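*Asks:* Residue numbers for the first sequence follow UniProt numbering, so the first one is 1 and each next one is one higher.
Treat each hint with caution, since some may be false.
What the hints assert, rightly or not - Each pair of labels, with its calculated beta carbon distance range:
#, residue 1, residue 2, range
1, 44, 64, 38 to 46 Å
2, 58, 23, 17 to 25 Å
3, 64, 86, 15 to 23 Å
4, 19, 83, 26 to 34 Å
5, 45, 84, 12 to 20 Å
6, 37, 79, 15 to 23 Å
7, 88, 62, 30 to 38 Å
8, 45, 116, 28 to 36 Å
Claimed, not checked - Dumping the calculated BS3-like pairs for lysine-lysine here, alpha-carbon to alpha-carbon at most 30 Å:
#, residue 1, residue 2
9, 80, 32
10, 58, 27
11, 80, 27
12, 59, 17
No lab work stands behind these hints: they were computed from the structure.
Owing to the predicted nature of the structure, the values given are computational and were not obtained by experimental measurement.
Backbone N, C-alpha and C define an ideal beta-carbon position, used for all residues, glycine too.
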Amino acid sequence: MAGDDAKRNEKTVGRLKSRPQFLAVQKGEKRKGRTFLLEVLDRQEPETAARAGFTVTKKQGNAVERNRMRRRLREAVRLKAGFAMQPGHDYVIVARRDVLDVSFEQLTAQLLERIQSKPQPKRPGESRSRKV
RNA sequence: CCAGUCGGCCGGGCAGCCGCGCUUCAUCAAUGCCGAAAGGCGAUGGGGUGAGGAAAGUCCGGGCUCCACGGAAAAACGGUGCCGGAUAACGUCCGGCGGGGGCGACCCCAGGGAAAGUGCCACAGAAAACAGACCGCCCCGCCACCUGUCCGCUUCCCCGGGAGCGGAGAGGCGGCGGGGCAAGGGUGAAAAGGUGGGGUAAGAGCCCACCGCGAACCUGGCAACAGGGACGGCAUGGUAAACCCCACCGGGAGCAAGACCGAAUAGGGAUGACACGCGGCCGCGCAAGCGGCCCAGCCUUUUUUCCGGGGCCGUCAUCCGGGUGGGUUGCGCGAGGCCGUGCGCGAGCACGGUCCCAGAUGAAUGGCUGCCACGUUCCGCGCAAGCGGAGCCAUACAGAACCCGGCUUACAGGCCGACUGGCAAC
RNA sequence: CGGGGUGUAGCGCAGCCCGGUAGCGCACUUGACUGGGGGUCAAGGGGUCGUCGGUUCAAAUCCGGCCACCCCGA
C-alpha cells in the first residue's frame with residue numbers, strides 16, 4: 001500500500017491452474033535442477049505478475065508424499081524463491097522424489113539458483129540422457 | 001514371574017515465528033472492478049474452526065439423484081445358503097447347533113440338497129459305480145501223467161514174495177469245458193459296511209453278537225439339533241467353489257448423478273425480405289421428401305485461354321429450442337457424537353439431557369524452531385533399582401472429495417481389562 | 001473420482017469355458033553344410049503359470065484376498 005517497491009514485493013506470485021497453461025509453459029525453456037525440473041516461459045507481458053505452478057506426478061509417491069512435495073515447494077516459493085521471479089514469466093516446477101529428503105535450506109537455494117540463472121552452458125544431450 | 005488366548009482403546013503433547021481454506025464481526029473501499037450473461041471479487045484487524053482408524057482397496061449393503069417401466073408376476077442372468085435374532089439393509093454382527101484343531105483359555109469352517117436327473121473320476125488297476133471277475137477258492141465232466149492200495153493173469157525163486165500187463169476205486173498236479181463264490185492278492189485319492197463266531201463244496205449279512213448306517217415313533221427345544229429307538233437288513237463311493245434342484249434377494253446407472261444461468265463459433269427449426277437453379281443418374285422411402293455423384297453456372301488459383309485443383313449451390317434479418325467452455329447449486333442436522341437411566345446373555349433397542357463437529361475443487365491442515373514424554377543403541381557411574389551424556393532426518397500406515405453401515409488390507413510404539421497353562425511363595 | 005481389462009519361457013501369444021500331458025513363433029545353445037559371415041538342416045536347454053489362502057484325490061484352469069500394469073469416462 002505504501003510505495004511502488006513495496007507493492008511489487010508484496011507477493012503477487014500468481015498461480016497456474018488450468019491444463020492449457022501448463023502445456024504452454026512446457027514449450028518454454030527447461031532448467032534441470034538437482035531435485036526438480038524448472039520450466040520457464042516468457043509471456044511477453046512485463047506488466048503482469050509472475051505465475052508459478054507445480055507438477056507432481058503419480059509416479060513419485062502416494063498422496064501424502066505428493067502433498068508434502070507440493071507444500072514444501074510452495075512454501076519455498078512463498079518465502080524466498082518467489083522474489084526472484086521475473087514479472088510476466090510463468091514458472092512450472094516438476095518435483096522429483098528427492099524433494100522430500102533434501103533440507104529446506106538446500107531446497108530454497110537450489111530453486112533460487114535455477115530461477116535466477118540464465119540457461120547454463122550445458123550440453124543438452126547429456127542432461128537428457130540421465131533419467132531416474 | 002514366565003508363556004499364551006480374547007476383547008477394548010490411544011495412535012505424540014506444549015509453546016514461538018511466518019503462512020493457508022472456510023466462516024463470522026468491525027472499519028475502509030462501492031454511483032467501484034472482472035464478465036456476454038449467470039455470477040464473482042479487495043485491504044486491514046479480531047473471533048471461531050479445520051483429516052483417519054483405516055480417510056486406502058472399491059469387495060458388499062443402504063440413503064440421495066436421474067433414466068426405464070400400466071400394476072404384479074414369471075423367464076433369463078447374477079448373488080446368498082445350518083438355526084434363531086439384531087438392523088434401514090447386508091455377503092455384516094450377536095447367540096445357539098453341528099464338524100475339525102488345541103493340555104487349556106480359545107480358534108477355524110461357502111456349513112442346504114449326491115435314494116430328481118446329467119456329467120466327470122487322469123495314471124495305475126481285473127474292475128471307478130443299475131457292478132464286474134484278472135490272479136485266486138470250490139464242485140462236476142472229459143483227457144494225460146504221477147503216487148500208493150486192492151483184484152485178476154503171466155513169469156521167476158521152494159505155497160510167501162519180486163517183476164510185468166490189465167482192471168477197479170482213492171489222492172495229487174496240469175489242460176479243456178460247464179457251474180458256484182467274492183474271503184484273500186495287488187493298484188489307486190477312493191474298491192461296494194468293520195471285527196469276531198457260526199455256517200458252507202468254497203464262500204457270502206447267509207445267520208448271530210458288538211460297532212457303524214438308515215429309520216417309523218417318543219421326549220426336550222421356536223428351530224438347527226440332541227437323547228432314546230420298534231423295525232429294516234447293508235441298499236446309499238466322491239465331486240454341487242461341475243451342470244443342476246430347492247429356498248430367499250436383486251430394474252439400470254452413478255455427485256464427472258442431477259438441477260439452474262447460459263455467450264462466441266458451428267450446426268438445427270420457424271417466419272419474413274431479396275435472388276432464383278435447367279437437367280441426368282444412384283440410394284433410402286408407400287409418398288412427400290432426404291442424401292450422394294455428374295453436367296451446366298459463378299468465384300478463386302494462372303499474364304491470357306484450355307485442362308487441372310479448391311470453393312459455392314442460396315444470402316440476409318429476427319425469433320425459437322438444444323447445448324460446449326464457464327459460473328452457481330447439489331454440499332452436510334446426520335440410520336450424528338457424548339453422557340445418564342432402563343430392558344436384553346449379546347448384537348442392540350427405548351427414553352432423557354447435552355453438543356454442532358472439515359467442506360477443498362491444479363484441490364486448504366504447511367514451513368522452520370525450542371522444550372517435554374516415550375522407544376531404542378552406545379558410553380560412563382552403580383551390587384542393583386537407577387542416574388548422567390551422546391546419537392537415531394528415531395515416532396508407523398497413511399490425506400476427506402456426496403453421505404452413511406460393514407468387510408478386507410496396511411500399521412512404529414503404547415495402555416487397560418478378562419481368562420488359560422506352568423513355576424514360586426503364602 | 002468412477003467404470004472395465006490383463007498378468008504363462010528373454011519377447012509376443014495359445015492353453016482356462018468343460019480341472020489330470022504346460023504348447024506355438026521369434027530369440028538362445030550345440031553340431032553339420034561354407035575358407036569366414038549370412039542362410040538352411042538337425043538336435044537341445046530354458047517357465048515359482050503375479051502372489052497368498054481355500055475347494056478337490058489332483059488347480060495355470062474353479063472360488064476368495066492382496067500386488068502390479070493397461071484402457072475408458074473431463
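*Asks:* Does each hint fit the structure? Answer for all of them.
*Replies:* Here is how each hint holds up against the structure:
Hint check: residue 44 to residue 64, Cβ distance near 39 Å, so the stated range 38 to 46 Å holds. Distance hint for residue 58 and residue 23: a CB-CB separation of about 18 Å, consistent with the stated range 17 to 25 Å. At about 33 Å, the CB distance of residue 64 to residue 86 disagrees with the hint of 15 to 23 Å. Taken as a hint, the range 26 to 34 Å holds for the pair residue 19 and residue 83, whose Cβ atoms sit roughly 28 Å apart.
The hinted window of 12 to 20 Å between residue 45 and residue 84 holds, with their beta carbons roughly 19 Å apart. In this structure, residue 37 and residue 79 meet the distance hint of 15 to 23 Å, their C-beta atoms being roughly 21 Å apart. Between residue 88 and residue 62 the C-beta distance comes to about 36 Å, which sits within the given range of 30 to 38 Å. Separated by about 20 Å at the C-beta atoms, residue 45 and residue 116 break the suggested range of 28 to 36 Å.
The hinted pair formed by residue 80 and residue 32 meets the criterion: a straight-line CA distance of about 19 Å does not exceed 30 Å. Only pairs whose Cα atoms come within 30 Å are accepted, and residue 58 paired with residue 27 is accepted, the gap being roughly 22 Å. A C-alpha spacing of about 26 Å is found between residue 80 and residue 27, which places the hinted pair at or below 30 Å, so the restraint holds. Restraint check for residue 59 and residue 17: satisfied, since their Cα atoms lie roughly 21 Å apart, inside the 30 Å limit.
The structure does not agree with the numbered hints 3, 8 stated previously, though it agrees with the rest.
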